[in-house]
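With the hints as extra help, turn the sequences into a complete structure.
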Amino acid sequence: MVGLQDDTAQLIEGCLAGDRKAQKLLYQQFYGFAMTIALRYARDDMDAADIMSHAFVKIFRSIKSFDSSKGSLHSWIKRIVINEGLDHIKSRARFSENVEIETIAEPEIRNDVLAQMGADEIMKLVQKLPPATHAVFVLYAVEGHTHAEIAKKLTIAEGTSKWHLAEARKILQKQIMLLHT
Amino acid sequence: MNQKALYELTITRKLDEVTVPDLSEMIWSRIEEELDKDTGDNTDGNTSSPSSPVGGIIAGTLGLVLVIGFVVNYFNNKKGNLITPREFNNTREPVLIEKPGAPVKQNAAPFSPRIKDNNAVVPMPAMENDTMLNMPELIESLPVMPDTPVADDITGSVPPAIDTAGKKKVRGVQGIGTDGYRIVPKKDSL
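These protein sequence lines are chains A and B, in that order.
Heads up: the first sequence begins at 21 in our numbering, then just goes up one per residue.
Heads up: the second sequence begins at 100 in our numbering, then just goes up one per residue.
Rather than coming from a laboratory, the hints here were simulated on the basis of the structure.
Ideal Cβ positions, reconstructed from N, Cα and C, are used throughout, including at glycine.
Please note that the accuracy of each hint is not assured.
[Claimed, not checked] Pairwise CB distance ranges (calculated):
| id | chain 1 | residue 1 | chain 2 | residue 2 | range |
| --- | --- | --- | --- | --- | --- |
| 1 | B | Leu-161 | A | Asn-103 | 40 to 46 Å |
| 2 | A | Arg-40 | B | Phe-174 | 26 to 32 Å |
| 3 | B | Asp-137 | A | Asp-65 | 25 to 31 Å |
| 4 | B | Val-171 | A | Arg-81 | 45 to 51 Å |
| 5 | B | Lys-136 | A | Gly-138 | 38 to 44 Å |
[As the list claims (entries may be wrong)] Chain A is faced by these chain B residues, among others (derived, beta-carbon under 10 Å):
| id | residue |
| --- | --- |
| 6 | Leu-105 |
| 7 | Glu-107 |
| 8 | Ile-110 |
| 9 | Arg-112 |
| 10 | Lys-113 |
| 11 | Thr-118 |
| 12 | Pro-120 |
| 13 | Ser-123 |
| 14 | Ile-126 |
| 15 | Trp-127 |
| 16 | Glu-132 |
| 17 | Glu-133 |
| 18 | Asp-135 |
| 19 | Asp-137 |
| 20 | Ile-157 |
This is how it looks when you write it as structure tokens:
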């Protein structure tokens, strides 16, 4: 396989053959990486565990579709975990009616305060966002997608995506101020 | 890719530093369970095909047996092979129909009444003296009362083999009132 280390390539071969040992080793190798992504879309650790289990089942069932020439295994696994996370949110999200707002007032989030906060603390703030707002915020602010891409992914209007991002920033700013004033 | 604000970069960096909970074994057991469903393996290592035809064959055979049973039962009912109280009595009709005034022979075996309604049923010991014995025709009423012990009485007073073949089966008698129904057991009918 192109661009893969020998041990990873061997693991993939084993997974293709349905070897349970190889599957477990691959899972353990990518557990930390995948869990970090899953936590961004989850409400808590158990939620993240659900996302992980579904994502890896999909990974092993569709491993034959992985093409190392088109991208790395990391990015392939990341995409599957993100999609599973989004499905998870969509199952409980209610997106606001399509809002066509071109310019939305951007609340200011104090970066200096953020920098002093711990990673787990920030994670909890993000996880507490309303589901739809949570999805948009993570896709935009963390994954770096544009509103057009987010709208396509979540089948919402761009204006709705912008509205949810503004909403996320408002809530985060309020929470940060409450915690650190 | 959008242009990230400073705070967004900070959040992204912080989220990458999050402490990951150690749920790997718990999650793996869920994954394994799902994957086992695909292969049909259980933890014992026994393999069972999820699409085994055996279950389907058994179900199909049972279904066929049931259908055949219903069909046979239906046709049996249609032909009238079941001995109903009315039929039982009908088999004795040729014997029961007496000429007016003719003496009536007493039945050796007792015959218990089965219908509780207005039909006049003659008890055995008083049969000879009963004026109802002079009635020319004795036809039992059609409906069987739910609390009337039908089966037991029939089996107690009827010989084990009753040949209904060739006997004319009365489907229903119209125009006869309840007074027209009489049951007079006959010796020859037993």
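Hint by hint, here is what the structure shows:
1. The hint said 40 to 46 Å for the Cβ distance between Leu-161(B) and Asn-103(A), and at roughly 45 Å that hint holds.
2. A beta carbon spacing of about 57 Å between Arg-40(A) and Phe-174(B) contradicts the range 26 to 32 Å that was offered as a hint.
3. A beta carbon spacing of about 27 Å between Asp-137(B) and Asp-65(A) agrees with the range 25 to 31 Å that was offered as a hint.
4. Separated by about 50 Å at the C-beta atoms, Val-171(B) and Arg-81(A) satisfy the suggested range of 45 to 51 Å.
5. The hinted range of 38 to 44 Å is satisfied by Lys-136(B) and Gly-138(A), whose Cβ atoms lie roughly 40 Å apart.
6. Against a cut-off of 10 Å between C-beta atoms, the interface hint on Leu-105(B) holds, since the closest Cβ of chain A lies about 5 Å away.
7. The beta carbon of Glu-107(B) comes within 4 Å of a beta carbon in chain A, closer than 10 Å, and the hint placing it at the interface holds.
8. Nearest Cβ of chain A to the Cβ of Ile-110(B): about 6 Å, under the 10 Å cut. The hint holds.
9. Given hint, Arg-112(B) at the interface with chain A, holds; its Cβ is 9 Å from that chain's nearest Cβ, closer than 10 Å.
10. Given the 10 Å rule on beta carbons, the hint for Lys-113(B) holds: about 4 Å separates it from the nearest Cβ of chain A.
11. For Thr-118(B), the interface hint holds, since its Cβ comes within 10 Å of a Cβ in chain A; the closest pair sits about 6 Å apart.
12. With a least beta-carbon distance of about 5 Å to chain A, the hint placing Pro-120(B) at the interface is held under the 10 Å criterion.
13. Using the Cβ-Cβ criterion of 10 Å, the hint placing Ser-123(B) at the interface with chain A is satisfied: the shortest such distance is roughly 5 Å.
14. At a threshold of 10 Å, the smallest CB-CB gap from Ile-126(B) to chain A is about 5 Å, leaving the interface hint in force.
15. Hint on Trp-127(B) holds. Least Cβ distance to chain A is approximately 6 Å, under the 10 Å limit.
16. With 10 Å as the threshold, the beta carbon of Glu-132(B) comes within range of chain A, its nearest partner Cβ sitting at about 9 Å, so the hint holds.
17. Taken as an interface hint, Glu-133(B) checks out: its beta carbon lies about 5 Å from the nearest beta carbon of chain A, inside 10 Å.
18. Proximity of Asp-135(B) to chain A holds as hinted, the smallest CB-CB distance being about 9 Å (cut-off 10 Å).
19. Residue-level restraint check for Asp-137(B) holds (minimum Cβ-Cβ distance to chain A is 7 Å; threshold 10 Å).
20. Look at Ile-157(B): its Cβ only gets to about 30 Å from chain A, farther than 10 Å, so that hint breaks.
The structure fails to meet hints 2, 20 from the earlier list, while all remaining hints are met.
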